[in-house]
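Novice: The listed protein sequences derive, respectively, from chains A and R.
The C-terminal residue of the first sequence carries number 680 in the working numbering, and the numbering is unbroken.
The C-terminal residue of the second sequence carries number 162 in the working numbering, and the numbering is unbroken.
Just so you know, these hints were derived from the structure itself, not from any lab.
All residues carry an ideal CB built from backbone N, CA and C; glycine is no exception.
Among the clues, some could well be false.
Example chain R residues on the side facing chain A (calculated, C-beta under 10 Å, incomplete) [to be verified]:
id, residue
1, 47
2, 51
3, 57
4, 66
5, 75
6, 103
7, 107
8, 115
9, 116
10, 117
11, 118
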Amino acid sequence: MDMRQYLDLFIDESKEHLQAINERLLELEKTPEDMSLVNDIFRSAHTLKGMSATMGFEDLANLTHQMENVLDGIRNRRLSVTPELLDVIFEAVDHLEAMISSIAAGGDGTRDVRGTIELLKRIEQGEMPNKQAAKEQPPLEHAYGEFEYHVLEQAKEQGFSVYEIRVRLRDDCLLKAARVYMVFEQLNEAGEIVKATPPVEMLEEEQFDREFLVTVVSKESADVLQKRLMGISEIDEVEVSMLSIDESSAESEKTAAPQQPAAMEQAATVQSEAEAPEKQTVKQAAKMIRVNIERLDRLMNLFEELVIDRGRLEQISRELNHAELTETVERMSRISSDLQTIILNMRMVPVETVFNRFPRMVRQLARELGKRVRLDIIGADTELDRTVIDEIGDPLVHLIRNALDHGIEAPDVRAARGKPEEGTVQLRAYHSGNHVFIEIEDDGAGISREKVLKKAISRGIVSPQAAEHLNDQQIYELIFAPGFSTAEQVSDISGRGVGLDVVKSTIESLGGTVSVDSQPGKGSLFSIQLPLTLSIISVLLVQIAEETYAIPLSSIIETALVKKEEIFSAHNQPVIDFRGKIVSLVRLKDVFAVPGATDDGDAVAAVIVRKGEKLAALAVDSFIGQQEVVLKSLGNYLSSVFAISGATILGDGRVALIIDCNALVK
Amino acid sequence: MMASVQADWKVIAFRLKEEEYALPVQYVRSIEKMQPITRVPGTAHYVKGVINLRGVVTPIIDLRERFGFASEPYGEQTRIIIAAFEDIEVGLIVDAANDVLDLPAESIEPPPEAIGSVEASYIDGVAKVENRLLILLDLAKVLDR
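Kindly produce the complete structure, drawing on both the sequences and the hints.
Specialist: As structure tokens, then:
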């Protein structure tokens with residue numbers, strides 16, 4: 015089973031439990047006799063243990079297990095609540111929190127918690143923790159990562175010896191950092207330092223007690239090294255031992271985290287955190303690098319500038335008609351197209367980042383609604399432009415809430431209808447052509463044609479006369495109309511006055527479409543179609559009088575020249591016959607009140623566009639040509655202009671407006 | 018943006034009809050010469066359209082029309098003042114942009130009931146410097162739709 019989709023759920027819940035434990039522990043400190051608090055903590059710890067074991071986070075599970083044992087002891091009055099005992103539990107909770115954050119940040123949640131586990135075990139066995147005992151520390155030891163191990167192995171092959179040197183400073187040593195520096199200097203002269211415990215930065219900041227451990231590769235003998243170091247003042251003891259590599263490798267297999275003395279708990283925390291990511295980078299360095307998303311955005315912006323200049327160059331080369339120039343510009347265009355593909359791909363994010371939060375949401379909603387629902391997620395690895403990902407979350411939440419609230423029936427109703435009591439909602443994502451489809455299908459009651467019609471008529475969305483001519487599909491589409499809601503009771507889940515019309519407009523603002531299909535009694539299917547990318551689009555440039563407009567190719571079915579006598583009138587509306595379909599003709603010069611526009615000539619240049627199943631013919635003066643353009647916003651001042659979705663900068667530096675076909679197809 | 022600000026104001030002075038106006042420099046990004054404007058249909062009459070300002074599509078407001086003055090053909094002196102207020106960036110067409118001035122705080126007075134021909138609501142105050150009378154514009158009001 016792929017656990018990734020449950021990871022967010024796990025992290026969220028773990029955080030909640032830890033929060034609860036923290037709060038209860040604080041209360042317990044004030045009222046140590048309150049056993050209900052202990053019970054609460056025990057329950058949270060128990061849940062946490064179960065979850066982390068299921069998710070395969072062993073350190074987490076082990077630590078919670080040990081904590082649970084101690085809590086059990088308190089519950090059974092074998093142990094009494096003392097500040098010392100609480101300190102240890104708090105320490106354990108701190109570890110748990112660190113592990114959860116590490117997991118949330120994409121880490122593996124491993125952490126050296128042996129010290130704390132040991133303390134918990136001792137408490138469980140009735141030994142009260144005391145500060146002295148805690149300070150009794152295991153000797154400093156090095157643990158080598160795979161990478162370091164290879165370095166050491168190589169050094170050995172090249173005839174170097176590997177030494178582990180334990181240096182102890184005198185108790186009255188004042189300038190610890192200075193001594194560390196001198197030790198390092200000496201060792202660097204004699205060989206090379208591979209590793210230090212605690213790490214160098216901490217040593218330099220004097221974040222260690224008296225003792226530190228250094229691994230050195232050198233051709234010198236152990237005696238020479240020892241003498242060199244003993245020559246430094248304020249050094250109490252130097253212990254040089256030859257390191258056998260096999261042992262260390264066994265050690266690194268056992269645990270990647272370095273062992274730390276309990277007395278250095280503070281420092282140890284810092285170190286293991288500092289080391290974990292380092293380890294990861296070493297492992298992945300060959301294949302992956304992390305790039306800040308802002309850098310990608312900057313790259314994208316620069317590339318957009320390039321696309322504009324490319325358009326200008328293409329135009330110039332066409333005008334000059336110079337063979338070599340044309341050839342070079344064509345080459346450059348091809349290369350920049352490849353570059354564009356690469357850059358756009360870098361901005362792609364799997365929809366998983368959005369889908370991840372749904373299992374938890376569905377679980378919670380189902381509980382609130384008293385329904386049993388299973389959520390199946392398919393194609394979570396489908397990738398979409400980051401801009402789309404950022405926007406798509408809310409519409410999906412709405413549709414899923416809708417499916418649970420209005421789609422899936424209550425268990426008894428389902429049973430009565432001969433369906434399994436547990437309803438299924440399937441969330442699918444997949445690529446098709448230049449689009450990504452996201453579908454939400456439920457096996458619930460489906461959309462009731464009659465209810466929708468009744469409501470639509472009562473809300474004045476459709477007239478009773480018009481309603482008679484609607485087919486099922488058209489009736490289902492009515493639920494996207496503004497001011498529509500089929501819930502008979504306004505429930506807390508989806509009947510908040512924000513309807514599916516908001517979903518529809520959000521998706522359309524992303525250049526996508528949403529449609530619905532339904533079978534009464536069997537369920538509904540909401541299908542969202544989204545463009546792969548938003549920022550660079552292919553358009554057809556058209557001329558209307560002196561103005562240039564851009565029509566996205568994704569909306570265009572074809573272009574046509576319509577003769578004057580082929581334009582008819584229906585309900586005072588000009589229409590044309592397009593492949594046997596009556597399509598209304600929208601004169602853009604009228605819609606946009608273009609100054610200096612002339613009457614139609616003998617023939618009208620028309621762009622046939624579609625919105626879902628519906629078509630319209632946009633009448634223009636002439637077609638200029640197809641071009642890749644960068645979609646730009648009109649700015650915040652002009653936030654909503656009718657039938658204009660944005661603007662773009664043409665090759666000659668002028669701005670052309672991009673037509674929003676969705677607004678023009680009725 | 019009230020005259021209660023004690024410090025001196027640094028302003029861009031510009032001409033509109035026969036009067037001089039001022040806009041605090043912190044709202045001014047740049048001053049541009051006239052350039053081709055792409056009309057945006059379906060917007061207020063004073064929105065002349067958008068320009069390509071170094072790759073950023075910027076809306077342009079004709080201040081004469083915004084204030085209901087008679088419009089004049091644009092000439093050599095006509096300038097576009099690119100102004101930014103909160104998250105809005107627009108260009109303002111003015112007859113001429115003359116200079117940058119320091120207005121001492123004490124020279125600024127609250128707007129009289131009616132000054133010149135601009136509605137008092139667009140005005141933040143007036144300043145008298147030597148023989149000049151400058152009308153301080155309230156950019157927020159000008160940009161209010």
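Novice: Next, verify each hint and record whether it holds.
Specialist: Right, here's what the structure says about each hint:
no., hint, result
1, 47, "violated (15 Å)"
2, 51, "violated (14 Å)"
3, 57, "holds (6 Å)"
4, 66, "holds (8 Å)"
5, 75, "holds (6 Å)"
6, 103, "holds (8 Å)"
7, 107, "holds (5 Å)"
8, 115, "violated (25 Å)"
9, 116, "violated (27 Å)"
10, 117, "violated (25 Å)"
11, 118, "violated (27 Å)"
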